[in-house]
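Heads up: the sequence lines are chains A and B, in that order. The numbers in the numbering used here rise by one with no breaks, and the one at position 91 of the first sequence is 958. The numbers in the numbering used here rise by one with no breaks, and the one at position 104 of the second sequence is 153.
Calculated directly from the structure, the hints in this document are not laboratory data. What you are looking at is a predicted structure, and each value in this text was computed from that prediction instead of being measured. Some hints could be false.
[As the list claims (entries may be wrong)] When the alpha-carbon atoms are kept at most 30 Å apart in a straight line, the in silico DSS-like pairs for lysine-lysine are as follows:
| # | chain 1 | residue 1 | chain 2 | residue 2 |
| --- | --- | --- | --- | --- |
| 1 | B | K106 | A | K975 |
| 2 | B | K106 | A | K916 |
| 3 | A | K916 | A | K928 |
| 4 | A | K928 | B | K58 |
| 5 | A | K978 | B | K106 |
| 6 | A | K935 | B | K58 |
| 7 | B | K106 | A | K928 |
| 8 | A | K978 | B | K58 |
Chain residues, written in single-letter form:
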Amino acid sequence: AQSVTQPDIHITVSEGASLELRCNYSYGATPYLFWYVQSPGQGLQLLLKYFSGDTLVQGIKGFEAEFKRSQSSFNLRKPSVHWSDAAEYFCAVGDSSGAGSYQLTFGKGTKLSVIP
Amino acid sequence: DSGVTQTPKHLITATGQRVTLRCSPRSGDLSVYWYQQSLDQGLQFLIQYYNGEERAKGNILERFSAQQFPDLHSELNLSSLELGDSALYFCASSASGRANTEAFFGQGTRLTVV
Chain A
868 AQSVTQPDIH ITVSEGASLE LRCNYSYGAT PYLFWYVQSP GQGLQLLLKY FSGDTLVQGI
928 KGFEAEFKRS QSSFNLRKPS VHWSDAAEYF CAVGDSSGAG SYQLTFGKGT KLSVIP
Chain B
50 DSGVTQTPKH LITATGQRVT LRCSPRSGDL SVYWYQQSLD QGLQFLIQYY NGEERAKGNI
110 LERFSAQQFP DLHSELNLSS LELGDSALYF CASSASGRAN TEAFFGQGTR LTVV
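The following block holds chain B by itself, in its conformation from the complex:
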């Protein structure tokens, strides 16, 4: 158990809908990261938050947004969903936002868009 909790584990929704994925980081970790894993793109970095502030942005679509709350949990919002958004979404956390930092991953949320 990495200590990173993601809910829900599975989500099935229709095209055009909006969903929210939730992540609780390890106790004490200030940084939260979101990654998308798909068969064609592999593991792609989406976005990083550090202590409530956005710090780094990767290949995140404009239809997607995220935030980190004062209690440090984070939510990833996916809207106007398309079939191609079906993927495994991982949250990870680390104590700091430095490159020599170990990131711990949650079990992921599997999103299926039908």
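The following block holds chain A by itself, in its conformation from the complex:
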């Protein structure tokens, strides 16, 4: 069965500093990978996705992620964090068990705090 591990439960960074959130996945085939962000009291917003091709993918709000098959990782990065980036971030892998069936398996999330 597929699984996603986000090793860091909580990360605190200073505004303007760089950010890297770690994600490791376990999946038998080619993974479809996603990063979602959840602000307090809000739903999940898709930041970026990897389906195939270029292993460095760009997303919204200045985020990027790099897929590394050899390390089973899909880490999220941002060169300069803004106070508005404070939120919880979820890595997910998409899995299809048959025709027309689909589900996302999420990691436990990483809560990001930003110090002004």
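Assemble chain B onto chain A, guided by the hints.
What follows is chain B alone, placed relative to chain A:
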């Protein structure tokens, strides 16, 4: 705004009761998914419907059921509620049921069982 609408936003009910959560998917999306988010379990997939048919089932309790109607909206029914059912329930939708599909999430329904 993702285009996925969930009602109600908040729900407080007593143990043993039954509630219905409603989801309207994005216009044109045929797949609807339900997820439960709780502090101890995180985000858990419950069930998927595609164009009215159940397509995938996750960690959904027997006390819970769902359906997707001809107009593609979906309802999640939770019965014999227990304190542990308190959680944030998300609905998501996508255009297809394939794995390389972007799912759009609603704002969620926060259920509190007292």
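Checked hints:
Of the supplied pair hints, the one linking B:K106 and A:K975 holds, its CA atoms being roughly 20 Å apart against a limit of 30 Å. Annotation: proposed proximity of B:K106 to A:K916 holds, straight-line Cα distance about 23 Å (limit 30 Å). For the proposed pair A:K916 and A:K928, the alpha carbon gap of about 14 Å is at most 30 Å, so the pair holds. Between the alpha carbons of A:K928 and B:K58 the distance comes to roughly 27 Å, so the proposed pair stays at or under 30 Å and holds.
About 28 Å separates the Cα atoms of A:K978 and B:K106, which keeps this hinted pair within 30 Å; it holds. In summary, the hint linking A:K935 to B:K58 is not supported, as the alpha carbons are separated by about 39 Å, beyond the 30 Å threshold. Taking the CA atoms of B:K106 and A:K928, the gap is near 33 Å; set against the 30 Å cutoff, the hint is violated. As the CA atoms of A:K978 and B:K58 are separated by approximately 23 Å, the hinted pair is consistent with the 30 Å bound.
Hint violations for this structure: numbers 6, 7, all remaining hints satisfied.
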